[in-house]
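Trainee: For reference, the chains in residue letters:
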Amino acid sequence: MDEKRTYLDPNALSRLASMEIAARLVVEGFISGMHKSPYQGFSVEFVEHRQYMQGDEIRYIDWKVYGKSDRYYIKKYEEETNLRSYLVLDTSGSMGFKSDKSSNSITKLEYGCYLAASLTYLMLKQRDSVGLVTFDDRLKTYIPPRNGPSHLHVIMSELEKSAPGKETNISTTFHELAQRIVRRGLVIIISDLLDNPEQVLRSLKQFRHKKHEVIVFHILDPAELTFPFDGSIMFKDMETQRQLSVEADLLKAEYLRKMKQLINEYKSGCHVSSIDYVQMDTSVPFDYALSVYLSKRNK
Amino acid sequence: MNLINPFLLIGIIAAGIPLLIHLWSRRQTKIIDFSSIKFLVSLNLKKVRRLRLQQILILILRMLIVVLIVLGLARPVLNSKLVMATGGRAKKSIVIVLDNSYSMGYSGLQGTRFDIAKDTSLRILDSLRIGDNASLILMSDIPDVVFKHLTSDVQQIKDNVKNIRISHRGTSVQSSMLEAYTLLKESKNPQKQIYLLSDLGENGWKDWKSEQTMPDDIITSVIRIGEENADNRAIENIILSSEFAGTGVPIQITAKLKSTITGQAIAELIIDGENKGQASVTGNTVSFTHIFQKPGTYTGEIRLTSDRLPLDDTRYFAIGVLGQIKVLSVGDYKSYVNLALNPTESSDTSAFIMPVNASTDELNSASLDKYSVVMLVDVPRLSDSAVRNLREFYLNGGDIVVFVGKSADRDWYNNNLSFLPASLGNRTNLVPPSNGRTEFTPKFLRISRWDSNHPIFSVFRDEGVANTLRTPEIYSAFSITPKSGSKVISSFDKNIPAIIETGSSKEKTGNVIVFNFSPDPQVSDVALRPMFLPLMQQTVLYLITSGHNNEKNLLVGDIYSQNVYGKVDSAPTITDPENNRTLATLTESNQAGIRKIGFDSTQRAGIYKIEFKSGGTTQHDYFAVNLNTLGESDLESAKEDDIISKLGSKARFVSINESFDKTIESESKTSDISSRLLLIAVLLMLLEIPLANRYKIKEQRED
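If you read the sequences in order, they're chains S and B.
For the first sequence, our numbering assigns the number 1 to the initial residue and increments by one for each residue that follows.
For the second sequence, our numbering assigns the number 1 to the initial residue and increments by one for each residue that follows.
Think of the hints as simulated: they come from the structure by calculation, not from any bench.
Careful: at least some of the hints might be erroneous.
Claimed, not checked - Which chain B residues face chain S? A few, computed with CB under 10 Å, are given here:
id, residue
1, I31
2, L51
3, R52
4, Q55
5, K185
6, E186
7, K188
8, T262
9, I266
Note that beta-carbon positions come from the ideal geometry of N, C-alpha and C, so glycine has one too.
Chain B extracted, bound-state conformation (with noise of 0.2 Å):
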């Protein structure tokens, strides 16, 4: 039994007024003499004690009738147990947490989970009457409040949860829950009721934050849509052999899967609406290798067979591929790196990379703003022109990798190229091998650390190709001590800087790459070394897409932003999978000339386009929103029991079987109960009043 005015419980206290007017009645005695006492003594005492049993049982009686009457006031509600032998029911207040995660799109014989928590929903709303209230809250991994107060417009619930769709988000319960007991606060019914419609899977729990306490007046109902622990195969995400795409350069697309389904599946790869492969998936990861032949943004996806939860069966991809790529070398060890640049040495527009040879002195007046890239392999010194045309294509944006070997003079670059990221110290020199001479043992560095999550070592992620990078032999290094800002990704043994650059935060002006050896053979063997050719593409397709703030590969949720460097004459519009238009925002940077395009409205898993106009032609671009699977696609179920702790003592479980309305309904029977303890005490009070009058009407009678 629950009371809603519990406050008012104070005034059993005057329960007592009764027994205290008794008590103060008796204490008042009066000494009268009397003739004789004799005559008294006589009497029947037995009446007399009969009568004085009568009179505390009118004593109780009006006791009872104050307590029945504050007990009203307090109006009790009487759980369904008690309240069946009563009748009635008292109004109800609900909120149905319809789980709207993916995990509901799981079909089964019935139809997916989802159609199944809806018809459910609208069962339960069918049950409330008139004087009810009820709210929806749609639970993935925020709560969607669709009614932000109770209404007892129930038809109009009811055609929202016909229309509403699922989601492709996660689950959280608890934020969900929280909203619904915000929601039954404001209630003034007595009877206030949670109902969670959910395949409960055990993604939706491990955010639970366990301080957090359950009112006791709130009973929730929790309702298993589906069977525990279903199987399922899902793709939980795409790798990108390269983040770097460029024409004609093959690139590996890796769709890694999670699954408890034991068969055989296909797995198709679809770019840009075309069918570009298919592969058989036997084990965790399934691969295919494509070569864009043109520059631009690709979209893609991998498709498995769908399985009963098709919506993780597919996971889309965005990729940007580059065209040709200038890059102007220096230095008299260019040649190494011109041709890992450019491996098969072509002349014409279908080389990816194009490095262009110059001289120093060339480099007093080249017009550096043709290239990408400029690469300084060891130059010992250039000249003040140089420098200055070197700085000017710096600030203007354009990247710089610097090689250091033998040939570089320390003390002019500390001190004339201030933008390198740090200034080079003593040369260790160590003992490189002598053309067949076997009296020296070769000394060297090896490259022992690296950053594996920096966008240059993308491809070195494998076990087998990762170990490539410590073959290298490095004979002559200079001690480097790193400026404020620039970072290190790769240290030599002895934890020597091997490369180095300034920092991808900068926004305008170019990145600086230091590499602490260079190509000539006295100073290394990297040049001979298969990781090379690798590692100089990367560098250059890192740099010139570094700084471009262009995340093409979203999960749902994710903000999407780009930055865009000159004028953009429209507002720019994003259409998402299902076709709707929607407006991006446009905020100014806090750099001049850059303006960054925001969207937050990734809800739904697939491509999106975005559309803007600048300097007077039609720009567009896309990405790519999937499942956040981590979890969500495993339906495994959370153990019952956790689920009652969590939720608290009021929750429990309720089966969708054929008796599921009756229950529904059974569960609503508690009952206010006040106004029939104030007919009670009405009754009382008019069984007292003949009771407490009876003496007089004796008395008048015997008379």
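Here chain S stands alone, though its shape is the one from the complex (with noise of 0.2 Å):
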């Protein structure tokens, strides 16, 4: 197990070429290390039945069933098996951050960009129908939800392209998507969510009202997380390349506090909105990642 979680670190995947070998080296390594059950559950070959209640459609009753045994069943699985998923990846500038300057590091939007193929190879896998949305201050990227081997094909090429833009702006973004996505499905977002808190949930509500799952992957740096500056610094925004200069070691308790404040914001506007909030930095292995995804596709 250890042996395979050495595949799963993010530093590694990043000197692999192909965005689809990374993928699936990271779900493969993840479904071999887990038990039999759950992977038994996601069989399209599976059938359930249940009896006919009043008001179910008469098109859906199962007659070789009421041949033998004379009583009505309603056949659904295939409706409830085959998810519809959309990975929505911010490009933003920020997400091209990283802290670790070394060249075997990663920024937020590498890591997203793994994260988002890891997911995609596990879904298509799955039969489930993924989709990619990217943007940064408006939609970058439309590929609607397909699923099928060559779907795996085109979201990986087009998650290879995928590079740092300009300022974020989620909420108007969101609002977007949301008017874009009919049919309900479930909703991941991979973003490092630096935008106004209070509008970014309430576009989030927008997908909860319109009956889809919402996953939000909150990727960070570890940098943004512990601020290790010290003396006097000049930020440069990657968003606008506005300058700042700060004393660091003043404003680093602020700083953090502030920075534990709008995690736990967007952790608790969450929890009310029922969407599933995972906070992540780059350092963070894949695999916590997809089990999250699995628990939520269990639901």
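Both chains come to you apart, so use the hints to assemble them.
Mentor: See below:
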């Protein structure tokens, strides 16, 4: 298990040329490490019957069962198991941040891409439909959910192309996205959420109003969580190129307090709206994210 | 506030180190790409500003710690006012400058000033604590540094104070103060103080040299002993009518007084322990006349009714009284001289001066060593053998008096009498009165100038007596050219020398005095004048006493010296007025056969006796030592402003009153606060550590 976990190390993945291979390694390593029982539950072959109840459409009655048992049973599995997932990836400028400048470290965006790739691979393996949305201050890419092996390649190539863009404008973008997604499904948001939390939470609620399940992967760099800076520092905004000179040691305590407050705000806001909120930093292995997804999938 | 190690203040520069670090770290600005500064901008900057302020406070705290450490090492000493608040006191070095000049012997209601000063000194010494040190200087006209270095053995100083006696000297404050400064210079103690205990008589400050600067780190407490400007009566001096007394010759002994006391006093004359007379004092002098019957050295004193300062009410004297003096007279007009020397023409031993007549022929073979003086009264010329005899007499210390009148052969004198102090020139003949003939108006010279300090003229010092010297008329005189080393002691009009001598510096040879006139009525009327008798007698007395170099009346501190002719068998001893016997020094003179007895320890006023053995017999002599009353007996106080200006700004007056001990104690309340500063620095360091780590602790808590 430990050996496999090394494959899952986000920094190690960055050395792989193909995102598809990276995603496969992640997912296969993850699945092989799991117990059998959850895997069985995802079989498309599995059929579930339930007794007909008043109000059920007649066309869903399994007439073969009626013939054998003289009782009305409904076949429903196809509808409920074929999940439509939307991976919503933030590609704003701030996602291009990495505190460790070494070559084998990864940015938040890269981390988000690997995470998205891994989820895509896993979902497609389960015959779920996966779509990809990228955005910065507006929607950049919209790939509608599909399943099938060819779709994996579409999403992977799109992820490989992704690069940090402009400023974040989550609320507007999500509003637009909510309008576009008609059928309900699972919306997985991968973002650093460095925007006004109130607006972000309000726009997330739109997805819930439309009956979508929502998972938020809040991706942060370890430096954003610990603020390991000292002395006089000129911070340069990666989105706007604005500069701010501060005494880092003076600012640190207040920064940490505020960051904690932000995370808590998202956590509680998501909880209220029945949104799964997962806070991750770029050093956390992907299997943690996958397990969160699976537990959601099982509900 | 003073600093003991002021040079360490340079370390204050180190206080800039935290500031430099602070500024340096500010300058090292790094540029870092950050995800979004929107979030940073939204932080609570008020709180950040508070933190910045806190950081500045920590910076100030650190600088303060460095400053406190540096100040602590520089050892600052606070003065009394500041230290009242902090308590404690620093180690102290003191020098007690105790005036023991004789004016401190003045008695008040509480005892003598000196006793009060001693008591006060003991009180000051009692105020010292462990770690303090002190020294004692007895102040008179010369400083007596009792402890050459500061000592912490206070008890030893106290014992000394109890046993010291008043001196018989005057006062000089500055020399003692300089000694005190020198002593305190060696002290490492933060507090240095001089206690000057004195009656502060003006006399002590007269020789103050203003170029001396007083050090700033020494406090001088001036304690006046006794009241200001006290009254006093003192004998300033004793004047003898003649410096040479002979047996049977009356001598006047006069005491010169100075007094600010108006009341009457009684003066007593005591000679050799016996009361010889009493007189009431009305003016500034009191005189006694006394006749000494036997030759020898007499000692005596004049004593006034005691006032509050008794030391200067008595003055001592010693006088040598000579026995019969034999004078050999040669020449036609010797009878005038003989009469002046022996006016009663006594032929027995009662005559003080016994003139003996001789003819010029008798001089050829006369044994001159029997005579003290040979007088040539207008002798025309002498035979060669007489000249030889005379020269030998002179070379052996014999004294010669020569009168040159009309008979004297000028050229012969110049060619044969080489020991004369002058060579004779042309004669000036004026017009003498002519026995009832009135057609000639007499023309003459008068003695117009004389050296009044010369012993010959000691009896002519009074104005009235002095005028008699001007009365003789001189009708004939030589122009005289003095030889080198000789001395003109009197002159006629027109600066013609009247009396000239070879000089008193001669030790072994005799002295020769030439009178540029003679008793010949054709030459002068001097023999008829009253001044002739004392002039002749003084001349003889002077000649036989000069060259003995034996001053018998000294002042305290003077050096006594006496020439001794011949062998001295044992070291001479001196018995002082308090009967202490000490050895005098005996040194060889440059001239063969003469030794010099010296004694410099004339510290007490009174009569000193000197004894030594010579030729198997014990010789003894006496001399008197007196107070130098010049100024010291005036008891006039110096002005306080003057004293402060001389002693510097660190000097202050302290009164002896009920709160004296408290004043002394409060003066000592200066404190070395270095330990307290260092303690504060440590406390601040302890405060700085949690403050400096506050961010980190906060950070961890939040994590």
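Trainee: For the hint on I31/B, just tell me whether its beta-carbon gets within less than 10 Å of chain S.
Mentor: 4 Å, holds
Trainee: Does L51/B hold up as a contact with chain S if the rule is Cβ-Cβ below 10 Å?
Mentor: This hint holds: L51/B lies near chain S, its Cβ roughly 5 Å from the closest one there, short of 10 Å.
Trainee: Checking hints one by one. Is E186/B an interface residue toward chain S, by the C-beta closer than 10 Å rule?
Mentor: 54 Å, violated
Trainee: Is the shortest C-beta separation between I266/B and chain S less than 10 Å?
Mentor: 100 Å, violated
Trainee: Should the hint that Q55/B touches chain S count as held when the rule is a Cβ pair under 10 Å?
Mentor: Constraint on Q55/B satisfied, holds at 7 Å.
Trainee: Given K185/B was flagged as interface, is its beta-carbon under 10 Å from a beta-carbon of chain S?
Mentor: 53 Å, violated
Trainee: Grab the minimum C-beta distance from K188/B to chain S and call the hint holds if it beats 10 Å, violated otherwise.
Mentor: 47 Å, violated
Trainee: Can we keep the R52/B interface hint, with Cβ of chain S closer than 10 Å?
Mentor: This hint holds: R52/B lies near chain S, its Cβ roughly 5 Å from the closest one there, short of 10 Å.
Trainee: Would the stated hint for T262/B survive a check requiring a Cβ distance to chain S of less than 10 Å?
Mentor: Because about 91 Å separates T262/B from the closest Cβ in chain S, which is outside the 10 Å limit, the hint is violated.
The structure shown violates the earlier hints numbered 5, 6, 7, 8 and 9.
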